[in-house]
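Below are the chains, spelled out letter by letter.
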Amino acid sequence: MIRIPCPHCGPRDHAEFSYAGDATKIRPADPDAATAADWHDYVYFRDNPRGPHMEYWHHTQGCRAYVKVLRDTSTHEVLAAGMPGDTLEAGR
Amino acid sequence: MAEYSVFSLIRNALGGHKDWIRAWRDPEPKKHYDVIVIGGGGHGLATAYYLARNHGITNVAVLEKGWIGGGNVGRNTTIVRSNYMLDGNAHFYEHSLKLWEGLSRDLNYNVMFSQRGVLNLGHSDGQMDAYARRGNTMRLNGVDAELLDRKDVQRLYPHLDFSAAARFPIYGGLLQARGGTARHDAVAWGFARGADRLGVDIIQNCEVTGFERDGNRVTGIQTTRGTIGCGRVGMAVAGNTSRVAAMAGLRLPIESHVLQAFVSEPLKPLVDGVITYGAGHFYISQSDKGGLVLGGDLDFYNSYAQRGNLPTVEHVMACGLAMMPYLGRVRILRGWGGLMDMSMDGSPIISKTPIDNLYLNAGWCYGGFKATPGSGYVFAHTIANDTPHDFNKAMTLDRFATGHLIDEGGKGPTPKLH
Numbered sequence: 001m002i003r004i005p006c007p008h009c010g011p012r013d014h015a016e017f018s019y020a021g022d023a024t025k026i027r028p029a030d031p032d033a034a035t036a037a038d039w040h041d042y043v044y045f046r047d048n049p050r051g052p053h054m055e056y057w058h059h060t061q062g063c064r065a066y067v068k069v070l071r072d073t074s075t076h077e078v079l080a081a082g083m084p085g086d087t088l089e090a091g092r
Numbered sequence: 093m094a095e096y097s098v099f100s101l102i103r104n105a106l107g108g109h110k111d112w113i114r115a116w117r118d119p120e121p122k123k124h125y126d127v128i129v130i131g132g133g134g135h136g137l138a139t140a141y142y143l144a145r146n147h148g149i150t151n152v153a154v155l156e157k158g159w160i161g162g163g164n165v166g167r168n169t170t171i172v173r174s175n176y177m178l179d180g181n182a183h184f185y186e187h188s189l190k191l192w193e194g195l196s197r198d199l200n201y202n203v204m205f206s207q208r209g210v211l212n213l214g215h216s217d218g219q220m221d222a223y224a225r226r227g228n229t230m231r232l233n234g235v236d237a238e239l240l241d242r243k244d245v246q247r248l249y250p251h252l253d254f255s256a257a258a259r260f261p262i263y264g265g266l267l268q269a270r271g272g273t274a275r276h277d278a279v280a281w282g283f284a285r286g287a288d289r290l291g292v293d294i295i296q297n298c299e300v301t302g303f304e305r306d307g308n309r310v311t312g313i314q315t316t317r318g319t320i321g322c323g324r325v326g327m328a329v330a331g332n333t334s335r336v337a338a339m340a341g342l343r344l345p346i347e348s349h350v351l352q353a354f355v356s357e358p359l360k361p362l363v364d365g366v367i368t369y370g371a372g373h374f375y376i377s378q379s380d381k382g383g384l385v386l387g388g389d390l391d392f393y394n395s396y397a398q399r400g401n402l403p404t405v406e407h408v409m410a411c412g413l414a415m416m417p418y419l420g421r422v423r424i425l426r427g428w429g430g431l432m433d434m435s436m437d438g439s440p441i442i443s444k445t446p447i448d449n450l451y452l453n454a455g456w457c458y459g460g461f462k463a464t465p466g467s468g469y470v471f472a473h474t475i476a477n478d479t480p481h482d483f484n485k486a487m488t489l490d491r492f493a494t495g496h497l498i499d500e501g502g503k504g505p506t507p508k509l510h
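As given, the protein sequences belong to chains Y and V, one line each in that order.
No gaps in the numbering here: position 57 of the first sequence is 57 in our numbering, and each next residue is one more.
Just so we're on the same page, our numbering is the position in the second sequence counted from 1, plus 92.
Hints listed in this document are in silico derivations from the structure and should not be mistaken for laboratory results.
Source: prediction; values computed, not measured.
All C-beta atoms in this analysis are idealised placements derived from N, C-alpha and C, irrespective of residue type, glycine included.
Mixed in with the good hints there might be a few duds.
Partial selection, computed: residues in chain V whose CB lies under 7 Å from chain Y [said to hold, decoys possible]:
no. : residue
1   : S348
2   : A397
3   : F492
Please take these sequences and the hints and turn them into a complete structure.
Shown next, in the form of structure tokens:
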């Protein structure tokens with residue numbers, strides 16, 4: 001079982017959350033200036049690391065806020081969690 | 093004793109089983125191979141086998157970081173089918189199914205392929221309409237499909253929940269009678285033995301650690317057993333695709349997710365085909381040893397852990413209970429997890445890459461096992477001829493850039509949903 005420390009609700013079972021994927025992908029700021037290659041990268045490419053992975057979880061059955069989580073994909077250990085705009089580091 | 097036959101079996105039985113030779117050798121890696129296949133799973137072994145058999149390329153090594161049969165080829169639910177709808181997929185999977193039909197004889201190894209039928213249950217008029225469409229498309233493509241009504245399904249499987257209390261009543265189903273199951277370990281061993289006998293070196297406990305490059309070509313593979321020179325390289329490493337590709341400088345439209353599967357205590361014959369639930373994600377069959385083999389959804393988060401979590405276990409079992417309430421009295425013996433290389437459109441990539449002599453076989457999502465022979469067949473063709481086979485020409489890596497996606501489920505670029 002994964003426990004996610006929601007910044008609003010405290011530690012909660014991950015079954016309350018919906019996984020919302022890689023948080024390192026940034027939507028091109030200016031859609032008109034972005035090239036096809038920019039969109040290709042944004043929509044399809046993932047680093048898919050084994051180890052710490054920055055990701056979003058939606059607290060669907062809790063506060064309904066998006067939470068940013070740093071989680072180790074090789075152990076499922078949650079290393080840090082915070083608000084979507086936060087810069088996360090392991091252990092915080 | 094190279095050939096397996098009833099005569100060799102009798103002779104060895106009388107002789108105390110002392111004359112069997114090992115199924116494949118354990119060679120030291122050579123300095124150079126014409127083709128190196130990274131990944132000794134089902135797809136890698138099949139690729140090596142067909143490289144040797146169909147294309148006469150026998151100076152081939154298969155590099156496996158662990159042991160043969162220890163990855164996804166030993167972690168699946170052994171289901172074989174070809175009930176696909178889109179052109180880019182349908183002919184490929186049907187070709188694979190046809191290879192399955194002759195595989196035991198071809199390999200001289202009993203892979204226990206059993207065409208016991210794959211039945212997808214439908215639980216609404218809309219779903220039955222969708223099945224009619226899928227079935228008709230399959231038949232137009234020359235693939236067998238049969239639309240069953242509720243009575244037909246009840247005749248086949250009277251023990252499903254046909255009661256008035258069923259939360260999602262069974263309206264009917266789509267049956268592919270030529271689908272079925274195979275013994276997964278035998279598939280790995282059979283291809284390994286077949287490839288070995290044609291001269292392929294299967295090198296286990298040999299993990300790839302890097303690529304040696306000369307411009308846009310790979311010249312050698314760095315491994316835990318030394319650097320090995322290569323003419324061409326095929327990569328078939330499933331859940332670890334992104335990691336190995338990153339060593340070659342490639343970024344890919346893939347996420348790795350964990351998929352759990354389970355087997356029950358052995359029971360007397362009960363489920364004689366493969367049944368999939370239509371109101372949730374659940375599939376079940378019964379192994380020849382009697383265990384019910386079942387699975388369902390991914391855990392839905394990126395993972396390299398080869399193990400999943402309890403909420404998914406509960407979810408899978410809930411689907412199973414809704415379909416077959418008596419499952420509540422069956423004890424689960426084992427559960428395990430495998431790493432799925434989930435692609436961005438739910439279809440595989442068997443393709444050339446931006447690196448001249450590196451070829452990619454990946455993105456199998458849930459569906460790699462059934463594709464094993466077909467995947468090896470067309471991947472060998474792609475490597476040998478430096479051009480795809482007709483059956484994998486749509487499964488390119490650059491389709492994500494050009495927009496020619498093969499999204500069978502219409503789910504969009506959300507890997508966990510495929």
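Right, here's what the structure says about each hint:
Interface hint at V/S348: satisfied, since its Cβ lies 6 Å from the closest Cβ of chain Y, which is below the 7 Å cut-off. A distance limit of 7 Å between C-beta atoms decides the matter here; for V/A397 the minimum to chain Y is near 6 Å, and the interface restraint holds. Checking V/F492 against chain Y: minimum C-beta separation of about 4 Å stays under 7 Å; hint holds.
In this structure, none of the earlier numbered hints is contradicted; all agree with it.
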